[in-house]
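Participant: Use these hints to put chains B and C onto chain A, whose structure you have.
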Amino acid sequence: MKRLLPLSDQLPLALVHGQPVHQLPADLYIPPDALEVILDAFEGPLDLLLYLIRRQNLDIRDIPIAEVTRQYMDYVELMKAFRLDLAADYLLMAALLAEIKSRLLLPRLTPTNEEDDPRAELVRRLQDYEQCQQAAAVLEALPRLEREHWLVQTSVELPLREQPLPAVDLKALLLAFQAVLQRAEQFKNHQVKREPLSIRERMTQVLIALQAKPQLAFSELFSYEEGRRGVVVSLMAVLELLKAQMIEITQAPEPYAPLYLSRVVAVSA
Amino acid sequence: MKMELVLILEAILLTANQPLTVAQLTQFFTQDESVDSVAIQVALKQLAAQTQERSFDLIETARGYRLQTKQRYSQWVVKHQEEPIPKYSRVFLETLALIAWRQPITRAELEAIRGVAVNANVLKALIERDWVRVLGHKPVPGRPELLGTTKQFLDYFNLKSLDDLPQLAELKDLVV
Amino acid sequence: MKMELVLILEAILLTANQPLTVAQLTQFFTQDESVDSVAIQVALKQLAAQTQERSFDLIETARGYRLQTKQRYSQWVVKHQEEPIPKYSRVFLETLALIAWRQPITRAELEAIRGVAVNANVLKALIERDWVRVLGHKPVPGRPELLGTTKQFLDYFNLKSLDDLPQLAELKDLVV
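Residue numbers (this note's numbering), protein chains in the order written: chain A, 4 to 272; chain B, 3 to 178; chain C, 3 to 178.
The shape of chain A in the complex, shown without the other chains (with noise of 0.2 Å):
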């Protein structure tokens, strides 16, 4: 498990009409459509990069930056040509090997060592970026749920059970009665003086409520001296919201458990 299969029997470079390519074609000539998946095929300046490096198999602590760099330009011309969108990586990454080389065409004062190459921290980049495509295929490699292995399951037959019901007594019976005929009076009260509601005002309430509070319980937007309307108003708001991804409505995985809203906690970009 832990043998690791060379790169690029791992990542195709690029697909063509679905079939992976691990390799250019020798020869020069390339489709233009085919070019422009390869092309977008690259995660980067760095990965075009080490793709160049290894496609000549340099070493990676020795690269010869002006012909690499004159490489790397080519394919950055030819993004430019296909109008590819061009990250401003790409263009960041050719003044950064611009710069190398004109330093390599320095004169040196002192005798080099390593830490005075201009190359040194591209390389360091070069070998951690290459690590990361190594864990990546790493990853790819492992043998995961839903590809070598499954679940397994039985089916159950089980006893007939009885689902146990919930109780109620006659005492509680008797207090929602009560409770809900004492609503029904406020709820005639106060429908007289109806104040016009509208959804949006009431969505900017429900968020201004969520910045006080992580946490809100679904009925708590409702009050009943607001009657009908003002639940309609409240449960349009609430979907609006929901509709929108601004706010989360949880549950407890039980029957009945009550509603809580929530902020939606954004993955920022």
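Since the hints were derived computationally from the structure, they do not count as laboratory data.
C-beta atoms are modelled at their ideal positions from N, C-alpha and C, and glycine is treated no differently.
Among the hints, a few may not be true.
Selected chain C positions facing chain A (Cβ under 7 Å, derived; list incomplete) [stated by the list, open to error]: (1) 93; (2) 95; (3) 115.
Facilitator: Just chains B and C, lined up with the frame of chain A:
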């Protein structure tokens, strides 16, 4: 392959979410593997014999074969299927209370008193528990259903008749 | 009971919908049955030995014990999976790999290594799958989130702990 076939079938059945017929099992094999229905039937017999030493049986139902926990282990298995006893919601109790004290009552009347629409699931649960039933239809346009309580409801609460339902005035005594 | 215990555990695990720890398995027995964690561990060992002749293995992952089909049957089992085997993109795997091997790690650190901005959708998908979570915040200006992997991640990849992640080759070995 022969010995393997038994285990292949076991693996297939242990990951199936429904019983599989011999014909369906045949579909799992390619032409090259040349596993026909006879081979599968033979292998299933062997599998059935092997499961004698295991916690599950090979069962043939009308829909096909499946692997099922042996009856004698069900007492342990049942434990991760247990759910906590649910509790009725306030809506449930209020709806039941209104039906009990104000019967016969229509859905529209329930809605008028509670100020919100009748929860269809609550009404369904009340009817399934045999506590509420349709008494008849109100002779008004639309002929809405008239809801009332059942004999089972009275039995559950140890009431001889609806007249025994406590009145609101008695609430104080009950609460103390 | 001793021989039976092995099969009882098999029955329990074959009907569980998540891995179970020894502690959780102990809960399946009553006081009278006096099955302690040692007895369960012994029985699990026996079960593991017995499954050698069957189509499934007993394995222990970060979330507990579970039964799963042996790899050599996957080619048949895969055929009744309605959904295609999930394939993960390079950016998905690289992001997950960095979080797994370099945790706790911030987004900025991820970006520094990969040389490109973190793909927000990928991170969201990883968190939604319950494979990655926020472990806390780095005590530096801006208090960036520290990301790490979950037990579900280890479970999915058949790992007992992070120590089971294969060691990455030394940097110098990488260059042939």
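Participant: Are the hints correct? Go through all of them and say.
Facilitator: The hints, checked one at a time:
{"no.": "1", "hint": "93", "in the structure": "holds, 6 Å"}
{"no.": "2", "hint": "95", "in the structure": "holds, 4 Å"}
{"no.": "3", "hint": "115", "in the structure": "holds, 5 Å"}
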